[in-house]
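Number of protein chains: 2
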Amino acid sequence: MRVGILGGGQLGRMLALAGYPLGLEFRLLDPVPDACGGQVAELMVGAMDDTYALERFCNGLDVVTLEWENVPVEAAKFIAERVPVYPPPQALEASQDRLVEKSMFARLGIETAPFLAVDGPANLAPAVAQMGTPAVLKTRRLGYDGKGQWLLREDKDAEGVAPFVVVPCILEGFVRFERELSILAVRSTTGETRFYPLVENHHREGILRVSYAPAPHVSKKLQSQAEDIAARVLDELGYVGLLAIELFQVDDRLLANEMAPRVHNSGHWSIEGAVTSQFENHVRAVAGLPLGSTEIVASSAMVNLIGDHPPLETMLALPGAHVHFYGKEPRAGRKIGHVTFVDDDESKLRKSVEHLQGLIQNHDVSYTARKTS
Amino acid sequence: MRVGILGGGQLGRMLALAGYPLGLEFRLLDPVPDACGGQVAELMVGAMDDTYALERFCNGLDVVTLEWENVPVEAAKFIAERVPVYPPPQALEASQDRLVEKSMFARLGIETAPFLAVDGPANLAPAVAQMGTPAVLKTRRLGYDGKGQWLLREDKDAEGVAPFVVVPCILEGFVRFERELSILAVRSTTGETRFYPLVENHHREGILRVSYAPAPHVSKKLQSQAEDIAARVLDELGYVGLLAIELFQVDDRLLANEMAPRVHNSGHWSIEGAVTSQFENHVRAVAGLPLGSTEIVASSAMVNLIGDHPPLETMLALPGAHVHFYGKEPRAGRKIGHVTFVDDDESKLRKSVEHLQGLIQNHDVSYTARKTS
Chain A
1 MRVGILGGGQ LGRMLALAGY PLGLEFRLLD PVPDACGGQV AELMVGAMDD
51 TYALERFCNG LDVVTLEWEN VPVEAAKFIA ERVPVYPPPQ ALEASQDRLV
101 EKSMFARLGI ETAPFLAVDG PANLAPAVAQ MGTPAVLKTR RLGYDGKGQW
151 LLREDKDAEG VAPFVVVPCI LEGFVRFERE LSILAVRSTT GETRFYPLVE
201 NHHREGILRV SYAPAPHVSK KLQSQAEDIA ARVLDELGYV GLLAIELFQV
251 DDRLLANEMA PRVHNSGHWS IEGAVTSQFE NHVRAVAGLP LGSTEIVASS
301 AMVNLIGDHP PLETMLALPG AHVHFYGKEP RAGRKIGHVT FVDDDESKLR
351 KSVEHLQGLI QNHDVSYTAR KTS
Chain B
1 MRVGILGGGQ LGRMLALAGY PLGLEFRLLD PVPDACGGQV AELMVGAMDD
51 TYALERFCNG LDVVTLEWEN VPVEAAKFIA ERVPVYPPPQ ALEASQDRLV
101 EKSMFARLGI ETAPFLAVDG PANLAPAVAQ MGTPAVLKTR RLGYDGKGQW
151 LLREDKDAEG VAPFVVVPCI LEGFVRFERE LSILAVRSTT GETRFYPLVE
201 NHHREGILRV SYAPAPHVSK KLQSQAEDIA ARVLDELGYV GLLAIELFQV
251 DDRLLANEMA PRVHNSGHWS IEGAVTSQFE NHVRAVAGLP LGSTEIVASS
301 AMVNLIGDHP PLETMLALPG AHVHFYGKEP RAGRKIGHVT FVDDDESKLR
351 KSVEHLQGLI QNHDVSYTAR KTS
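Going down the list, the protein sequences come from chains A and B. Quick note on the numbering used here: the first sequence kicks off at 1 and runs consecutively. Quick note on the numbering used here: the second sequence kicks off at 1 and runs consecutively.
Calculated from the structure, these hints are not laboratory results. Among these hints, one or two may not hold up.
If chains are identical, the list can't say which one is meant, so a pair holds when it fits in one copy or spans any two.
With a cut-off of at most 25 Å between alpha-carbon atoms, the simulated SDA-like pairs for lysine to any residue come out as follows [what the hints assert, rightly or not]:
id, residue 1, residue 2
1, 77, 251
2, 138, 354
3, 348, 294
4, 351, 290
5, 335, 290
6, 328, 60
7, 156, 216
8, 351, 320
9, 328, 313
10, 328, 1
11, 138, 192
12, 328, 291
13, 348, 295
14, 351, 227
15, 328, 42
Can you build the whole structure from these sequences, using the hints too?
What follows is the structure in structure tokens.
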């Protein structure tokens with residue numbers, strides 16, 4: 001069976017590495033010739049709005065999936081006329097526009113932060129007046145890792161931000177949440193569905209830094225609330241593959257923040273920490289194979305390597321460290337790898353994370369010093 | 001870091017898959033253009049006695065290792081003049097000739113079955129008379145999976161077998177062992193050494209069928225006896241990489257049967273069953289990186305898929321089944337994949353193995369029926 005993946009970054013790379021043991025073969029499509037997935041699978045270089053490239057890409061494939069949520073919906077539809085595409089184009093449509101996404105959540109009875117459409121600079125002040133502050137203005141499309149977001153602390157901040165509303169935006173009420181969680185769900189072409197345990201995520205500068213899985217102190221009720229949210233979205237979208245939904249926890253309520261129609265950074269721990277990784281289960285789902293158990297092996301912590309990393313030898317010398325490099329050149333703000341620790345003892349897990357974070361900070365300092373000296 | 005692997009079969013394939021997350025790149029050399037490692041890594045097609053091919057192969061590599069124990073020693077030496085080769089050529093020399101190997105074991109004080117050199121047809125009868133029967137005649141070189149071996153039940157069997165002694169052979173006393181075990185050891189370029197727990201191996205028709213790890217009912221004394229055997233061989237050979245030694249258990253004694261200077265079929269369970277797989281630790285060892293923990297995650301059982309396999313969907317539907325296909329076409333007697341189960345409950349593990357073996361037998365029957373109908 002030959003699987004095509006739209007996008008050739010680290011997610012495509014890890015999908016291929018998870019699928020090879022099942023005897024599957026992979027072809028990636030990416031506009032960038034040095035996309036890191038090309039180190040481990042066939043990489044076709046082409047633009048996703050180039051129908052000639054898409055036509056060639058599809059040739060001989062049994063199924064196509066994606067690792068980038070901003071694949072043009074038109075490209076997915078073009079391919080879907082030739083080869084099955086999972087997740088389906090309507091899942092892309094729903095996730096690429098924050099207003100469409102939040103409206104879908106609301107329609108499905110899933111709680112979110114309050115939100116208002118802001119279609120142009122003139123709409124901002126009235127929206128802020130209606131919503132109150134603090135609030136967050138976000139572009140409806142193409143934001144990631146905190147990019148395309150502005151925090152409005154007071155009503156008068158609207159004035160300074162208004163010039164950015166050159167593209168359709170959404171204004172969201174600021175949620176005083178206790179923590180950020182994510183639920184990973186997977187559904188196969190046969191309808192078989194599984195959920196991973198809730199994950200606790202820690203961001204800094206808008207980028208995910210650390211995930212703990214399972215999230216500590218999660219009641220059965222909270223887990224089933226999260227699974228119910230995910231199940232509604234899976235059903236609504238006729239979804240196939242892995243779906244991630246980022247959630248805010250406020251007391252014992254969960255508010256949906258956003259979804260990703262693909263394998264997700266907050267699921268990387270599952271390579272070692274779950275019986276079946278999110279990558280293998282996504283591949284199984286789109287290939288119509290039975291899903292694997294989503295149970296944990298033990299508790300896990302995943303630390304992202306952003307921009308640069310301590311020496312490989314230093315990290316591998318940490319007891320139980322599973323290092324994953326993506327084959328990408330270091331560059332500020334870039335996700336170039338991650339490290340997972342698996343341990344039944346959660347206090348040991350936290351110590352391992354702190355230890356590694358110390359190494360990362362020390363390394364960053366010396367790196368910066370080298371650069372500026 | 002670019003790693004070359006001599007041999008492009010399933011072991012090379014799994015080494016590459018284990019090394020990619022460390023950011024390593026791989027180039028395989030194999031005489032066969034459709035060697036299955038070529039599906040996941042750069043494959044150079046060339047003969048191992050072709051110095052021009054070896055020269056091109058080495059170009060740009062940082063280290064070379066092997067996945068086939070019959071790599072010509074001359075090829076390994078030729079490469080070693082250009083790029084470090086691990087395990088070192090002397091390890092190949094010792095393992096490629098059963099007489100040299102057994103003599104080394106004896107020299108190191110490691111117990112083996114009694115053995116005698118049989119250099120030609122005329123030497124056989126005297127050797128059998130001296131050794132007694134039952135005994136096993138084996139070619140000194142190039143035997144694998146039970147090929148090149150003849151069981152002599154009685155002295156008079158020597159006559160029928162004598163014509164096979166056209167190549168140097170070794171006659172070994174027949175050992176009435178309780179079970180077959182293997183010890184996997186790994187040593188890095190820095191000298192750091194780790195041992196996996198003893199594995200219990202079940203063969204049929206000379207081919208490994210099932211491994212249990214850790215082997216049940218292993219005393220600390222037996223484990224340390226095995227580690228001591230492996231440590232002596234590692235030291236003797238200045239070994240770097242993963243070394244497997246097959247052992248016979250007779251009461252509380254261990255007899256060394258043979259060694260493999262490479263990752264080993266009886267270590268495949270470690271992909272899911274150990275904190276660090278034999279493949280990752282071999283790669284770490286030859287790359288001079290710190291070794292990972294060889295502790296188990298839980299008990300494991302590995303079942304080989306030989307010749308053909310039940311449908312993938314059927315196997316993946318078995319709870320906890322980790323399926324590994326090698327991307328090879330089914331063919332009688334060929335190792336085309338394996339399945340690993342990991343479970344703390346050993347009786348569940350045995351039931352999973354029996355269940356899968358039932359599927360394999362049923363599938364074989366139907367396969368045969370289809371072929372002959």
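**Request:** Tell me, in ascending order, the numbers of any earlier hints that this structure violates.
**Result:** 1, 2, 7, 11, 14
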